[in-house]
Amino acid sequence: MGHDDLPTLELAFPGPERDRGVAAILRGEKTALTGLLEIFEHAGEAVPQTGQRFSVLDSEGRSAVTIELVDVRVVPMKEIDDDFARAEGRGYSDVAQWRAAHEEFFRSDGVSEFLGRIPVVDDDTLVVAERFRVVEPGQQRLNPGPLAVRQITTPPGE
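Once you know that position 5 of the sequence shown is 5 in the numbering used here, the rest is easy, because the numbers rise by one and skip nothing.
Straight-line C-alpha distance at most 20 angstroms; calculated EDC-like pairs for lysine to aspartate or glutamate:
1. K78 - E38
2. K78 - D123
3. K78 - E104
4. K78 - D94
5. K78 - D124
6. K78 - E103
7. K78 - D122
Keep in mind the hints are simulated off the structure, nothing from the lab. Just so we're clear, the structure is a prediction, and the values are computed from it rather than from any experiment.
Whole structure, please, built from the sequences with the hints as guidance.
So, in structure tokens, the structure goes:
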């Protein structure tokens, strides 16, 4: 199955954050994503499944890399651990840093606008914790840089 046949995944919002995130995936620094379950539900999207593949798009809408999900869990935020936080590739030293960044993003104007309200974010808030592996790079390579995150579902910089 080629890039064009796969569902797409967009990190953060188009621009430098997205491109840094894609570059981090290509460098092997980013191997995890976190999404707010409420966003999936509001969008009418199913929670991704282990084994599912996605074409990760750059800011120009081109396929940059294909990833395959190797683990998908729906868990309360309090169950995310240091190992998962570090796998997000943003340089978090522990889950406290991960948590602060995700709380800020999940309460951001973009997420609130999408949901029509500011979501409740606390220990029991359900998130979709995804680990992935690179299956194949896309047509291009991006310049290395810090990281970005899944559009609407994870904080900028991942």
